[in-house]
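Novice: Chains as they are written, first to last, in the numbering used here: chain A, 1 to 343; chain B, 1001 to 1277.
It should be emphasised that the hints constitute simulated quantities derived from the structure, not laboratory data.
Heads up, the beta-carbon is just placed ideally off N, CA and C, and yes, glycines get one too.
Please note that a few of the clues may not be correct.
Unchecked claim - Here are some chain A residues the structure puts well away from chain B; computed CB gaps all over 12 Å:
| # | residue |
| --- | --- |
| 1 | Met-56 |
| 2 | Asn-76 |
| 3 | Asp-94 |
| 4 | Ala-97 |
| 5 | Pro-131 |
| 6 | Lys-167 |
| 7 | Leu-168 |
| 8 | Gln-181 |
| 9 | Phe-229 |
| 10 | Asp-320 |
To be verified - Some chain A residues close to chain B (C-beta under 7 Å, calculated; not the full set):
| # | residue |
| --- | --- |
| 11 | Gly-64 |
| 12 | Phe-79 |
| 13 | Phe-81 |
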Amino acid sequence: MALLELQDITAGYDKNVILKNLNLQVEKGELLSLLGSSGCGKTTTLRLIAGFSEPMSGKFLFDGKDYTHVPLHKRNFGFVFQSYALFPHMTIFDNVAFGLRMRKCSSSEIQNQVMETLELVDLKGYEKRFPKELSGGQRQRVALARALVIKPDLLLMDEPLSNLDAKLRVKMRVEIRKLQQKFGITAIYVTHDQEECFAISDKVAIMNQGIIEQLDTPDRIYNRPNTEFIAHFVGFENFLDLTSAEGGYTGADGSFFRADAPQKQGRLKACIRPEDIQIAPLGTDVPNRLDGQIMVETFLGKRYQYNVKTALGEMVVSADQEHIYHSGESVTLSLASNKIILL
Amino acid sequence: MNKKALTIGWLMVLPGCLFVVFFMLVPLFLLVFRTFFDEGGSFTLNGYWEMFQSTYFQQVFVRSLKLSLISTAICALLGFPSSYYIAKYSRHKGMLMAFAVFPMFTSPVIRSFSWIVLLGKKGIVNSALMTIGLTSKPISILYNEVSMTIGFIQLFLPLMILSLIGVMENIPEDLNLAAGSLGATKLGTFRHVVLPLSIPGLVTGSVLVFTGCLTAYTTPQLLGGTDTRVLATVIYQYAMSLGDWTQASIVAVVMIVVTVCVSSGINGISRRLNPTI
Ligand SMILES: Nc1ncnc2c1ncn2[C@@H]1O[C@H](COP(=O)(O)OP(=O)(O)OP(=O)(O)O)[C@@H](O)[C@H]1O
Ligand SMILES: [Mg+2]
């Protein structure tokens, strides 16, 4: 059974419903990311799990127990805020020690554990400083240490890296992942940075308008999106309306495509990434052929991007610079059959 | 900042500075100055010496200090929870703030008269106490230190509440949530997060209330008796009834010194509670 389970959770602010019958499962020891566009309800979900708010309906099970109405301070979950939320009037030591003091640990125990945790996040020697005397990255690490020192049953992080510069973000996400794996902490990580999310997670839950559209491993999300929304989200730019036929699918103009994925029936949508379409001079004999005319060519440095007008709509194609085509030229496209995703 | 902006800045503060210098600093200096010289014009501390020798003045001095401190403490105790509620939980913040400040819209004279009506021998408070049987004959709560303290509190509680709300509103809600997620109860969060972070507001409020109480004239004059005079009413007595301006000035200087000392004392205590301010 999953360690954490959200069952049919409906939640929102006042009468404003944000999460609609949301279901989510997280296994022990895994890091799950909530990924989605701004305003889709990631923070709302995380705060609900943390106990900052209660759902309007539905159930939250943790370790088999009903946690829906367990008060915040009894949950033993660590929370890392986007704003870090360090206590400005306490030293770094006292910030990290706060959770242990609330648990009435002995002062020698506090001393040991705080110093150990500060060493873990590479902040030894900073314990006498105040938060305003630290850089953004250091504050972020204090926030992480403060949440880790209580040995949380669950670690919740709300865009913990979004205030850092790109380089530091990459470094810190590796650190977070290392610590999480070292201690086998179950964690939920909110982000809207796709790369960060794929890099750090065991599982990814893609959220859209208050529901989870797909919960899967990063590579399945990337390569096998379930819905058009997710396909868009992870960079599929070409969508085709197809109808199933003998051994493949036909487009509106009668063109025929084969796909490696198991055959589906009826009308359906297929999608493919720009780099999975080959471009060739008009009339070249290629499999999964689609003819069109170049509308725009865009130089992207390493590669060229072409917007090609075809009978099935506009296609975005990304090609190397071996042969450069120009707008107005007629071309033949070839859609890689193993890269066509059926939705 | 460039030179031009600096010049303009100086020009803009100039009128205010001139006003303060000529109508406050200069008279204040003259006031302090004259208390150190006798009629013949030679330097002396005799005025102060004699003042502090008199038992009457000693009583007045202690009473002023005591009533002001008690009123400040009660204002802090009463103001803290209400400010916290208004700042953090209330949906009707505007309305509640208006209520809190409302007493300031009427003059201290009118308010003191209302208290006279309420606290008198036949006033509502005494009638109520007698009806419920807490006392058999009216207790005296008018024209003494009790009525003065009540008057002070009503007069200055709004200042405490406004100072506190201003600071509490700026405590990020995330800090409370962080404390809670680390295992702090509501009380623990209050004790370790809200209270220390509210100290700046408490300091401002306390200094305002204390100075207000110490220097208030109308309220002690109307709600106090002849045997419960305070520094402010004594100044009036010296200057207007006895025509002794030097004595009055000495009391005024004492009042200023007390205000400065107590304010810095409050600051010192608060710095210990919250080292970052
Ligand atoms: N305190 C609030 N009161 C009312 N509505 C809110 C409140 N907080 C968030 N919302 C609304 O709830 C919706 C979901 O917000 P949420 O903060 O969960 O989004 P998010 O997925 O975390 O977005 P982001 O990536 O921008 O942080 C939004 O439409 C937002 O306007
Ligand atoms: Mg958010």
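Novice: Hints first: check each against the structure and report whether it holds.
Specialist: So, going through the hints one by one against the coordinates:
Every Cβ of chain B is farther than 12 Å from the Cβ of Met-56 of chain A; the closest lies at roughly 19 Å, confirming the non-interface assignment. At the 12 Å boundary, the C-beta of Asn-76 of chain A falls inside the reach of chain B, the nearest C-beta of that chain being 7 Å off. Consistency note on Asp-94 of chain A: stated as away from chain B, yet its beta-carbon is not over 12 Å from all of that chain's, at 9 Å minimum. At the 12 Å boundary, the C-beta of Ala-97 of chain A falls inside the reach of chain B, the nearest C-beta of that chain being 10 Å off.
Its closest Cβ contact with chain B, about 9 Å, brings Pro-131 of chain A to no more than 12 Å, contrary to its assignment away from the interface. No beta-carbon of chain B comes within 12 Å of the beta-carbon of Lys-167 of chain A; the shortest separation is about 26 Å. Once the 12 Å rule is applied to beta carbons, Leu-168 of chain A is consistent with being away from chain B; the minimum gap is 22 Å. With a cut of 12 Å on Cβ distances, Gln-181 of chain A stays outside the contact zone with chain B, its closest approach being about 22 Å.
With a least CB separation of 31 Å from chain B, Phe-229 of chain A remains clear of the 12 Å interface cut-off, as annotated. For Asp-320 of chain A, the non-interface assignment is confirmed: its Cβ lies about 49 Å from the closest Cβ of chain B, beyond the 12 Å cut-off. Here the hint on Gly-64 of chain A is broken, as its CB sits about 22 Å from the closest CB of chain B, past 7 Å. The restraint placing Phe-79 of chain A at the interface with chain B holds, with a minimum CB-CB distance near 4 Å, inside the 7 Å limit.
Hint status for Phe-81 of chain A: holds, given a least beta-carbon distance of 5 Å to chain B, under 7 Å.
Violated hints, listed in ascending order, are 2, 3, 4, 5 and 11; each of the other numbered hints is respected by the structure.
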